[in-house]
Amino acid sequence: MFEFGILFPAVLNGLTTGAVYALVALGLTLIYGVLHIINFAHGAALMMALYGVYFLKQSLGLDPYLALVPMVLVMFAAGYLLQRGIVNRASHGKDENILLVTLGLSIVLENVALLAFKSDTRTIDTPYTLATVAIGPAMIAVTKLVAFAGALVASAVLLWIVRRTDLGRAIRAVAREKQGARLVGIDVDHVYAMSFGIGLGCLGAAACFLLPAYYVNPQVGNGFVLVAFTIVVLGGMGSFAGALLGGLLIGVVESLGGLWFGESLGQIGIFLLFIAVLLFRPQGLFGAKA
Amino acid sequence: MASPLLRLQGVSRSFGGLAAVRDVSLDLPEGRLGALIGPNGAGKTTLFALMSGFLVPDAGRVEFAGADITGVPPHLNARRGMTRTFQIVQPFATQSVRENIAVGAHLHCVQRAQALAEAELVAQRVGLGPQLDKPAGELTVAGRKRLELARALATRPRLLLLDEVLAGLNPLEVAEMVPVVREIAAGGVTVLMIEHVMQAVMNLAAHVWVLAQGQLIAEGAPAEVTRDPHVVEAYLGHGTAQRLARMAQAS
Amino acid sequence: MTMRRDLLQIALFAAAVAVVAATARSGVVLNLAMMALYACLMAQSWNLLGGYGGQFSFGHALFFGTGAYAQAMAQLQGGINPWVALPLAIAAAAAVGLFFGALSFRYGLKGSYFALVTLAFAEVFRILALSVPFTGAGVGLMVPLKEGLAQMQFADRRGFVWIALALVTLGLLATAWLRHSRFGARLQAVRDNEDAARAVGVDPFRVKLGAIGLSAAFMGAAGALYVQVFQYIDPGIAYGPHTSVEALVAAIVGGLGTLWGPVLGALALHLLADATRSLFGGLPGINMIIYGGVLVAIVMFAPRGLMGLGQSVRSLWSRPGAAPQTREEPHG
Numbered sequence: 008m009f010e011f012g013i014l015f016p017a018v019l020n021g022l023t024t025g026a027v028y029a030l031v032a033l034g035l036t037l038i039y040g041v042l043h044i045i046n047f048a049h050g051a052a053l054m055m056a057l058y059g060v061y062f063l064k065q066s067l068g069l070d071p072y073l074a075l076v077p078m079v080l081v082m083f084a085a086g087y088l089l090q091r092g093i094v095n096r097a098s099h100g101k102d103e104n105i106l107l108v109t110l111g112l113s114i115v116l117e118n119v120a121l122l123a124f125k126s127d128t129r130t131i132d133t134p135y136t137l138a139t140v141a142i143g144p145a146m147i148a149v150t151k152l153v154a155f156a157g158a159l160v161a162s163a164v165l166l167w168i169v170r171r172t173d174l175g176r177a178i179r180a181v182a183r184e185k186q187g188a189r190l191v192g193i194d195v196d197h198v199y200a201m202s203f204g205i206g207l208g209c210l211g212a213a214a215c216f217l218l219p220a221y222y223v224n225p226q227v228g229n230g231f232v233l234v235a236f237t238i239v240v241l242g243g244m245g246s247f248a249g250a251l252l253g254g255l256l257i258g259v260v261e262s263l264g265g266l267w268f269g270e271s272l273g274q275i276g277i278f279l280l281f282i283a284v285l286l287f288r289p290q291g292l293f294g295a296k297a
Numbered sequence: 019m020a021s022p023l024l025r026l027q028g029v030s031r032s033f034g035g036l037a038a039v040r041d042v043s044l045d046l047p048e049g050r051l052g053a054l055i056g057p058n059g060a061g062k063t064t065l066f067a068l069m070s071g072f073l074v075p076d077a078g079r080v081e082f083a084g085a086d087i088t089g090v091p092p093h094l095n096a097r098r099g100m101t102r103t104f105q106i107v108q109p110f111a112t113q114s115v116r117e118n119i120a121v122g123a124h125l126h127c128v129q130r131a132q133a134l135a136e137a138e139l140v141a142q143r144v145g146l147g148p149q150l151d152k153p154a155g156e157l158t159v160a161g162r163k164r165l166e167l168a169r170a171l172a173t174r175p176r177l178l179l180l181d182e183v184l185a186g187l188n189p190l191e192v193a194e195m196v197p198v199v200r201e202i203a204a205g206g207v208t209v210l211m212i213e214h215v216m217q218a219v220m221n222l223a224a225h226v227w228v229l230a231q232g233q234l235i236a237e238g239a240p241a242e243v244t245r246d247p248h249v250v251e252a253y254l255g256h257g258t259a260q261r262l263a264r265m266a267q268a269s
Numbered sequence: 003m004t005m006r007r008d009l010l011q012i013a014l015f016a017a018a019v020a021v022v023a024a025t026a027r028s029g030v031v032l033n034l035a036m037m038a039l040y041a042c043l044m045a046q047s048w049n050l051l052g053g054y055g056g057q058f059s060f061g062h063a064l065f066f067g068t069g070a071y072a073q074a075m076a077q078l079q080g081g082i083n084p085w086v087a088l089p090l091a092i093a094a095a096a097a098v099g100l101f102f103g104a105l106s107f108r109y110g111l112k113g114s115y116f117a118l119v120t121l122a123f124a125e126v127f128r129i130l131a132l133s134v135p136f137t138g139a140g141v142g143l144m145v146p147l148k149e150g151l152a153q154m155q156f157a158d159r160r161g162f163v164w165i166a167l168a169l170v171t172l173g174l175l176a177t178a179w180l181r182h183s184r185f186g187a188r189l190q191a192v193r194d195n196e197d198a199a200r201a202v203g204v205d206p207f208r209v210k211l212g213a214i215g216l217s218a219a220f221m222g223a224a225g226a227l228y229v230q231v232f233q234y235i236d237p238g239i240a241y242g243p244h245t246s247v248e249a250l251v252a253a254i255v256g257g258l259g260t261l262w263g264p265v266l267g268a269l270a271l272h273l274l275a276d277a278t279r280s281l282f283g284g285l286p287g288i289n290m291i292i293y294g295g296v297l298v299a300i301v302m303f304a305p306r307g308l309m310g311l312g313q314s315v316r317s318l319w320s321r322p323g324a325a326p327q328t329r330e331e332p333h334g
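Chains as they are written, first to last, in this note's numbering: chain A, 8 to 297; chain B, 19 to 269; chain C, 3 to 334.
Please keep in mind that the hints were generated in silico from the structure rather than gathered at the bench. One or more of the hints may lead you astray.
Unchecked claim - If you want the ones that stay clear, here's a sample from chain C, every Cβ over 10 angstroms from chain A, calculated:
no.: 1; residue: Gln11
no.: 2; residue: Ala18
no.: 3; residue: Ser28
no.: 4; residue: Pro84
no.: 5; residue: Ser106
no.: 6; residue: Ser114
no.: 7; residue: Ala157
no.: 8; residue: Ser183
no.: 9; residue: Pro243
no.: 10; residue: Tyr293
no.: 11; residue: Gly294
no.: 12; residue: Val301
no.: 13; residue: Gly312
Stated by the list, open to error - For the chain B half of the interface with chain C, some residues (derived, Cβ under 8 angstroms), not all of them:
no.: 14; residue: Ser70
no.: 15; residue: His93
no.: 16; residue: Ala170
Unchecked claim - Listed below are several chain C residues computed to face chain B (Cβ distance under 7 angstroms; list not exhaustive):
no.: 17; residue: Thr171
no.: 18; residue: Ala178
no.: 19; residue: Arg184
no.: 20; residue: Ala187
no.: 21; residue: Asp194
no.: 22; residue: Glu196
no.: 23; residue: Ala198
no.: 24; residue: Ala201
no.: 25; residue: Gly203
no.: 26; residue: Val204
no.: 27; residue: Leu285
no.: 28; residue: Asn289
Glycine is no exception: its CB is placed at the ideal position from the N, C-alpha and C atoms.
Assemble the whole structure, with the sequences as input and the hints as a guide.
Structure (structure tokens):
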């Protein structure tokens, strides 16, 4: 069980899976870091994005990697409108309301998908779906490697946006001190909506990288929601680097857990880790006090 | 001589390398009305938090009525007779004035009806009688300050820590509040108040402690303390203090 | 709003439903009453912790499932009579509630964190129930059909209506007690402003623990009732999101922190669900879409729920020309 030939591929697989988890969590990190809200609809949004990629492939023949730009744009727009139109209006100044409204949205999205697409699990077929690459004793799927690279690139882009652009400055200002930001003329509502949009845009990218190596059904979001939250908390509630590292860690934990304890009990490992982190180290591994 | 009701010995507390309170020692005898003054950021509210148990000191001791209460949580201190109010008022916004005060009264009353009745009495004492059934969220700032005070009073404290109970009040409201505080102290409650409104401090306090940059720099009767050059310097800065001293010498 | 008035209202309610329970002939009516009361019970449970305690649980199924499995296993593996099993199931749920509460509140979890942890715990239990043989794993547990009062199974549903009514009435009494007791005053104080409550002598840990224990007990009762009515339980029903969501949405739609909110909310949602079922037939997930949509709509437009709307209407009537007061909560 601890043999290198078995461990190494498991760890490597875990890293690549973890990279995609990280990509999902990056968007959530931005949303939490700026709006200080837990977006319960994040998993459902990912699910919708996955369906988007799926149907782009099935009806337009568009390769998922080529669908990156349109998906990110569409998801960004959806996020912006959702935040501006619904989430913002529902908050009435209380965080609990946002919790409830995003929960409601996730329920609606998931069940609309169930209604529209039935509960069948769907996958796509591309010429590279089954391609693998040998790294040492491990055979790693090419799609997963691309996902890994994609996650790194996306993190870099996000960091660039937040550190180098005017929008990023505004985002940081609002994240730190909302009233102060408002006083210096920053349109806080717009920044909120932009952050939400970027967060969902990340999901669009994540879906493009995820679908070739994975599948989609209406419940797929649930599996990612808690994992994403775990990563956000583990990584320190607002730290991109933390989310990235946290994602990789979770991926490895899940992979090894699945290896040693079987699929479903491996899943429990993540939840227990999540609970443990929330209880004993809510500031995560890298973040400031939440 | 009777031992002081509240005694601090060498209390210190830092936050991430920044010393908020440094080696503060003071004795507050029972039945006195004391004031804690000092420029903004001096650490006065932090000191209150350390006294009442909202924060645990890094070093030093807090004694209340002879017992060591260092690090004891606030609700236990309240049960011993130490109640604090907050600088930024904390009402139970959706509940009525009466219900707010009743929570304090419940410290000594188990029966709901009794607590509500007591709340009514306390409300009248502080002048909130006509607003008993108003939701706390609808009170003015002055009203909320009175509510804060009333709720604390309802716990029948031995020691009342009032954190800027006069802040944000206009002169008329201050003039209305001062006699209320005096009456409370006259009733036997030991009071320690953080205050910026100097008129009230001079009027009410028997003894004043001055905190600057986390340290006690002076203590004594109000008149002495306000003349102390160190105190002037702490409030106005070194340059201004010197200029004032030169002006005083010249005249 | 005195205790006496609350008790009077509860008595009237119980009497009215009792009349229905005693005289109704139609199976449809009895079934409706049973399901509505069952939904009330869950909403009340959520309201105790969420409405009065201010702790939003997104995984209330945790207590439901524990009560359900306890009820089923006590009968199947323990050979215990269902009437004896019922208090055991309630105690088991309460125990899980207290354990979970002790853990969460000891570490100061609140708000979103608390909601997330409840979700995580419910999921953990669901996966455990799926994997462990003595809960029947994925297949679940079936309680054999044994008609009669002694076995707490009633084909005509009438007996269930009585049991559900009894439990709901207990829930109403518990809620009324919260509204007029020291414990309830302290609980609501902690909900509204924990630090202020601490400063006047309230121990937030003890108070929250009491609330979650009470809430879990009622949810466990609902779970046990489910097992008796449907004679079946599996991990998805026991610990799944559907149950958690149903309890939550009904409580919020009705109006958090009120006596009759859960009853109103559960009834409204149940009628809505019934109506959609007859309109849209057996479309999968339509119920949940309604629940989710209603939740979003209520939070957006009527955050104080049906009871809040009622209050606004009432104040409109009593002060001609005055607009209903909408109180802005201070931003926390």
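A quick look at each hint next to the structure:
1. Gln11: holds (28 angstroms)
2. Ala18: holds (31 angstroms)
3. Ser28: holds (31 angstroms)
4. Pro84: With a cut-off of 10 angstroms, C/Pro84 remains clear of chain A, as the shortest Cβ separation is near 31 angstroms.
5. Ser106: Since the minimum Cβ distance to chain A is about 7 angstroms, C/Ser106 lies within 10 angstroms and the statement is violated.
6. Ser114: Answer for C/Ser114: violated, closest chain A Cβ roughly 4 angstroms.
7. Ala157: Correct as stated: the minimum Cβ-Cβ distance to chain A is 32 angstroms, above 10 angstroms.
8. Ser183: holds (25 angstroms)
9. Pro243: violated (8 angstroms)
10. Tyr293: violated (6 angstroms)
11. Gly294: About 3 angstroms separates C/Gly294 from the closest Cβ of chain A, which leaves it inside 10 angstroms; violated.
12. Val301: Contrary to the label, C/Val301 does not stay out of reach of chain A, its closest Cβ about 5 angstroms off (not over 10 angstroms).
13. Gly312: holds (19 angstroms)
14. Ser70: holds (7 angstroms)
15. His93: It holds, given that the least Cβ distance between B/His93 and chain C is near 5 angstroms, below 8 angstroms.
16. Ala170: holds (7 angstroms)
17. Thr171: violated (21 angstroms)
18. Ala178: violated (12 angstroms)
19. Arg184: holds (5 angstroms)
20. Ala187: Holds, because the Cβ-Cβ distance from C/Ala187 to chain B comes to roughly 6 angstroms (cut-off 7 angstroms).
21. Asp194: With a closest approach of 4 angstroms, the C/Asp194 hint holds.
22. Glu196: violated (9 angstroms)
23. Ala198: holds (4 angstroms)
24. Ala201: holds (5 angstroms)
25. Gly203: holds (4 angstroms)
26. Val204: holds (6 angstroms)
27. Leu285: With a closest approach of 40 angstroms, the C/Leu285 hint is violated.
28. Asn289: violated (32 angstroms)
Checked against the numbered hints given earlier, the structure breaks hints 5, 6, 9, 10, 11, 12, 17, 18, 22, 27 and 28 and satisfies all the rest.
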